[in-house]
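K.L.:
Chains as they are written, first to last, in my numbering: chain A, 1 to 117; chain B, 1 to 805.
One should not assume that every hint holds.
A few chain B residues that don't get close to chain A, going by computed Cβ distances all over 10 Å [what the hints assert, rightly or not]:
no., residue
1, 39
2, 43
3, 44
4, 141
5, 373
6, 584
7, 622
8, 778
Straight-line distance between alpha carbons at most 20 Å, and here's what the computed PhoX-like set of lysine-lysine pairs gives [unchecked claim]:
no., chain 1, residue 1, chain 2, residue 2
9, B, 5, A, 42
10, B, 165, B, 267
11, B, 2, A, 116
12, B, 2, A, 41
13, B, 2, B, 283
14, B, 5, A, 41
15, A, 42, B, 2
16, B, 165, B, 32
17, A, 116, B, 5
18, A, 3, A, 116
Simulated from the structure, these hints should not be mistaken for laboratory data. From the three backbone atoms N, C-alpha and C, an ideal C-beta is built for every residue, glycine too.
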Amino acid sequence: MNKNLLNFLLTLILVGVTAFVLPWWSVMLCAFITTMCIPLKKAAVFFVPFLAVFLFWFSYMFFLSSSNDYILAKKIAVLLPLGGNAFLLILVSSIIGSIAAGIAAVFGKQTVLLFKQ
Amino acid sequence: MKYFKFGLSLVLTATIFYVLNTQMGSIPPLGKFLNPYSGIWQNETDENIKETIEIPGLSDNVSVHYDDQLVPHIFAQNDLDLYKAQGYITAKHRLWQMEFQTYAAAGRLSEIIGEGALNYDREQRRKGMVYGAENSLKVIREDEKSLSHIQSYADGVNAYISQLKPEDYPVEYKLLDYKPEPWTIDKTMHLLMYMTDMLCGRDSDFEYTNALREFGEDTFDFLYPDFYNFDEPVIPTDTDWSFIDTEQTPMPQSELPMDSLSSVMEKPNPHNGSNNWAVGPSKSYSGNAILANDPHLGLNLPSIWYVMQIATPEHNSMGATLPGTLGIISGFNEHIAWGETNATRDVKDWYKIEFQDETRTKYKHGNQWKNTTVRVEDIRIKGKETFKDSVIYTHHGPVSYDHTFKGDSEMTGYAMKWAGHIGHDFVSLFLKMNSGKNYEDYKDALSNHVAPAQNFVFASTEGDIAIWIQGLFPNKWEGQGKFLMDGSNPDHDWQSFIPREFNAHTKNPERGFVSSSNQHPTDSLYPFYVFNDGYDSYRNRVINDFFRSKETFNIQDFKDLQNTNFNKKASELLPYMFENMDTSGLTSEENDILNIIKNWDYVSNIEELAPSIWDSWWTNLYPLIWDEYDQKEDMVLKKPFTYNAISMLKNNPEDEFMDILDTPEIETSHDLFLIAFKETTKELIAWKAENGDYNWQHYKGTYVAHLLQGLPAFSRFDLPIGGDRNTVNAAGKNWGPSWRLIVEMTSPPTALGIYPGGQSGNPGSKYYDNYIDEWAAGQYNTLNFLPSNTATEAIISTQLLTPKQ
Numbered sequence: 001m002n003k004n005l006l007n008f009l010l011t012l013i014l015v016g017v018t019a020f021v022l023p024w025w026s027v028m029l030c031a032f033i034t035t036m037c038i039p040l041k042k043a044a045v046f047f048v049p050f051l052a053v054f055l056f057w058f059s060y061m062f063f064l065s066s067s068n069d070y071i072l073a074k075k076i077a078v079l080l081p082l083g084g085n086a087f088l089l090i091l092v093s094s095i096i097g098s099i100a101a102g103i104a105a106v107f108g109k110q111t112v113l114l115f116k117q
Numbered sequence: 001m002k003y004f005k006f007g008l009s010l011v012l013t014a015t016i017f018y019v020l021n022t023q024m025g026s027i028p029p030l031g032k033f034l035n036p037y038s039g040i041w042q043n044e045t046d047e048n049i050k051e052t053i054e055i056p057g058l059s060d061n062v063s064v065h066y067d068d069q070l071v072p073h074i075f076a077q078n079d080l081d082l083y084k085a086q087g088y089i090t091a092k093h094r095l096w097q098m099e100f101q102t103y104a105a106a107g108r109l110s111e112i113i114g115e116g117a118l119n120y121d122r123e124q125r126r127k128g129m130v131y132g133a134e135n136s137l138k139v140i141r142e143d144e145k146s147l148s149h150i151q152s153y154a155d156g157v158n159a160y161i162s163q164l165k166p167e168d169y170p171v172e173y174k175l176l177d178y179k180p181e182p183w184t185i186d187k188t189m190h191l192l193m194y195m196t197d198m199l200c201g202r203d204s205d206f207e208y209t210n211a212l213r214e215f216g217e218d219t220f221d222f223l224y225p226d227f228y229n230f231d232e233p234v235i236p237t238d239t240d241w242s243f244i245d246t247e248q249t250p251m252p253q254s255e256l257p258m259d260s261l262s263s264v265m266e267k268p269n270p271h272n273g274s275n276n277w278a279v280g281p282s283k284s285y286s287g288n289a290i291l292a293n294d295p296h297l298g299l300n301l302p303s304i305w306y307v308m309q310i311a312t313p314e315h316n317s318m319g320a321t322l323p324g325t326l327g328i329i330s331g332f333n334e335h336i337a338w339g340e341t342n343a344t345r346d347v348k349d350w351y352k353i354e355f356q357d358e359t360r361t362k363y364k365h366g367n368q369w370k371n372t373t374v375r376v377e378d379i380r381i382k383g384k385e386t387f388k389d390s391v392i393y394t395h396h397g398p399v400s401y402d403h404t405f406k407g408d409s410e411m412t413g414y415a416m417k418w419a420g421h422i423g424h425d426f427v428s429l430f431l432k433m434n435s436g437k438n439y440e441d442y443k444d445a446l447s448n449h450v451a452p453a454q455n456f457v458f459a460s461t462e463g464d465i466a467i468w469i470q471g472l473f474p475n476k477w478e479g480q481g482k483f484l485m486d487g488s489n490p491d492h493d494w495q496s497f498i499p500r501e502f503n504a505h506t507k508n509p510e511r512g513f514v515s516s517s518n519q520h521p522t523d524s525l526y527p528f529y530v531f532n533d534g535y536d537s538y539r540n541r542v543i544n545d546f547f548r549s550k551e552t553f554n555i556q557d558f559k560d561l562q563n564t565n566f567n568k569k570a571s572e573l574l575p576y577m578f579e580n581m582d583t584s585g586l587t588s589e590e591n592d593i594l595n596i597i598k599n600w601d602y603v604s605n606i607e608e609l610a611p612s613i614w615d616s617w618w619t620n621l622y623p624l625i626w627d628e629y630d631q632k633e634d635m636v637l638k639k640p641f642t643y644n645a646i647s648m649l650k651n652n653p654e655d656e657f658m659d660i661l662d663t664p665e666i667e668t669s670h671d672l673f674l675i676a677f678k679e680t681t682k683e684l685i686a687w688k689a690e691n692g693d694y695n696w697q698h699y700k701g702t703y704v705a706h707l708l709q710g711l712p713a714f715s716r717f718d719l720p721i722g723g724d725r726n727t728v729n730a731a732g733k734n735w736g737p738s739w740r741l742i743v744e745m746t747s748p749p750t751a752l753g754i755y756p757g758g759q760s761g762n763p764g765s766k767y768y769d770n771y772i773d774e775w776a777a778g779q780y781n782t783l784n785f786l787p788s789n790t791a792t793e794a795i796i797s798t799q800l801l802t803p804k805q
């Protein structure tokens, strides 16, 4: 199987498993570990875990919020402020988690490189 | 190179972790806040009202039936289980608010919000809020029954808190990045002090002292009369006081200190007030007594009220509860109904304290030096060092003002004497009321009440109606406590209290109805000293005129009266203004506006322009009269009450206060009308250019503000509700009818109720603010009183609370 796909799936699974056990930074930890196990190359190092976390967070938030008519999301999108746009809030929230994961993955990759002589 | 890349990525990773995990100013920690599994997305949900819940310490099963308004109807087998369930269920829907209000009461907001709240917290400590709460808790600890009830409530709240996981915390905790602490019985006392302060924490002693010194006694009495020229007291004027055999305290020969303060502590909103009334069988369309109550308080989300039914096999009551304390505060049971308005009596006085020396360990009282005590207040501040504030106490009470706080001399201070500090069992009052069956039980429930003094209205299925102005009132000498007093003169101490049985009251008065709306408690014949400290002058007359207007009244009449927007205040001044204002020089634009208000029927409805013109005109006019006050800098003053101001405008148009000091001409009130009117037209035209039509709804802009500094995202704005603070429907900008109740004493009673909020404290719930639109429109919800533990068709779900094994 393609390494990118493998990394993507493993990240997704790990994120899903740790989601309800660890705090929000589990996405960083998962991306870090996955990258150590399945190192990727170039931009993929960042973007594969980014996409995995994005997919997970986005779908989960969308599921929670849509089944409640976006009542709270609309309000938080006024608070932050994102013009009261619930979709934008879901997008921004997902990107925040994804960037954190992506950066942690880059760190994972650099750690692997450091110890792999 | 790889070391560099490693280092860089490490720094980046650490940075992003830190940034997303840490609160930055008002921005919450975004990673914690926005992640889907423990962030706000977990609050994006409806209430779970189905599953069975295990609660430690319950002795039996408790049923909680929810109706479609999310009102819980709790049925327990005994009182301890009942109050445990009340605590649990209230916390389940209102936890953040309950806790936040107790932080506010106890002067602990800095712990949550940070340094911005320090001044507020210091004021709460210096008012002795916790001191008062401790005094009452001492009394409660002596009564095993009260103590066990309040402890059960706390246990119930804690049962809820202890099973919470961080993802379950209400959204405000996530926003401010903190977590709930265990509930204690002290917190219930803090909440009660919060109410006490809100309702009887107001006084104007320093302001009156300054006015007395600056204007002299004659002018003072003219500006601040003890009684007005109309007579609609709470207790009807034909009441016979001959049963009172205690005398008013004689006035001592002494001097009052004439000191001045340049600023005083924040006061409770002077518009906090309420209406209540009841008609007896003779005036009721059905022959059943009917009762109504609407407390006017700040309009907040989550609402200060939470509706519940609480029942055991022995008693069964329903109505508005205060999250944080037990029982039903304004409501009914199978036999009786009750409601409160604020008695607004002066129960807070100030004493000038003379210390022996700078150590402030002794103060003068009579011919001796008495010892002071010190209470060190540790105010913890989020992200900062703890602030220590030493508050000196005398036998009067806390020395709130001294050289460390708004005062200027180390040798003097100002001590507060406040009925709110006197220990009493506020909990048992409502628990007795909730299980009351008749007038005697109601009277007994009130018999030990201290503060906040309330006008307790009553109606029963037996057809009795009554009102008691109940609280502990000092028996004052003429003038005592209106001004700052001499703390070293024992004659200035409160000498005794009015025996509670001599507190003003009436049962089944001849006129067939009782009513109160924060007006004068009695006429001038009541044999104790009572002065006008801001009593209502408008609503009471509209209400009483209404009940004198016809023979019988039905539920629709009650609804209409609670929602009436008739503006008595405007109706008493505007005709005089139209007649006496010189309109010859008005521009056509000004004339247009004048014509609009001339055609007004004095009803402040939302679509009208005239109420906005009136509001602006009055707002410009009133300060023009009192420019003399603004010239006196460095002292606190209180401008005379509206009713007296209007009376002067009409009856003393050439009084010297009418003159504007800054102009060479001598103005009369008629000149002021014109000056204010021109200012108003300018303002309204500018307002219109910026905001569009100035109809009353938009111009007033009533809003319900989230408790946390009015966060706009969680608040509701521009509500379509008419009226202003002087109409019976006392809907101001951010305060108003915080709960409307109407109960007909059928068997069992039939009741309606609504408040501007919703049963859920979660901004993510559809029940968060779902009552607001109906409330604004003057509609009511049926209060589905269940006679027994059986779900009716009104019930949408039943949740079982069971003992945890």
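K.L.:
Each hint needs a verdict: does it hold in this structure or not?
P.N.:
Each hint tested on the structure:
The claim that residue 39(B) is not at the interface with chain A is violated, since a C-beta of that chain comes within 10 Å of its own (minimum 7 Å). For residue 43(B), the condition that its CB be more than 10 Å from all CB atoms of chain A is violated, with the nearest at approximately 6 Å. Its beta-carbon lying about 4 Å from the closest one in chain A, residue 44(B) breaks the requirement of being farther than 10 Å from that chain. At the 10 Å boundary, the C-beta of residue 141(B) stays outside the reach of chain A, the nearest C-beta of that chain being 41 Å off.
With a minimum CB-CB distance of about 46 Å to chain A, residue 373(B) clears the 10 Å threshold, and the non-interface call stands. No beta-carbon of chain A is positioned within 10 Å of the beta-carbon of residue 584(B); the least distance is around 51 Å. Remark: the non-interface label on residue 622(B) is consistent with the geometry, its nearest Cβ contact in chain A lying 36 Å away (cut-off 10 Å). With a cut of 10 Å on Cβ distances, residue 778(B) stays outside the contact zone with chain A, its closest approach being about 26 Å.
For the hint linking residue 5(B) to residue 42(A), the alpha-carbon distance of about 13 Å falls within 20 Å, and the restraint holds. For the hint pairing residue 165(B) with residue 267(B), the CA-to-CA distance comes to about 38 Å; that exceeds 20 Å, so the pair is violated. Restraint check for residue 2(B) and residue 116(A): satisfied, since their Cα atoms lie roughly 11 Å apart, inside the 20 Å limit. Of the pairs offered as hints, the one joining residue 2(B) and residue 41(A) holds, with about 15 Å between alpha carbons and a cut-off of 20 Å not exceeded.
Taken as a hint, the residue 2(B) and residue 283(B) pair is broken in the structure, with Cα atoms around 92 Å apart against an allowance of 20 Å. For the given pair, residue 5(B) sits about 15 Å from residue 41(A) by alpha-carbon distance, which is consistent with the 20 Å threshold. Distance restraint check for residue 42(A) and residue 2(B): the Cα-Cα separation of roughly 14 Å lies within the 20 Å cut-off, and the hinted pair is therefore satisfied. A C-alpha spacing of about 14 Å is found between residue 165(B) and residue 32(B), which places the hinted pair at or below 20 Å, so the restraint holds.
At most 20 Å may separate the alpha-carbon atoms for a hinted pair to count; residue 116(A) and residue 5(B) meet this at roughly 14 Å. About 19 Å separates the Cα atoms of residue 3(A) and residue 116(A), which keeps this hinted pair within 20 Å; it holds.
The structure shown violates the earlier hints numbered 1, 2, 3, 10, 13.
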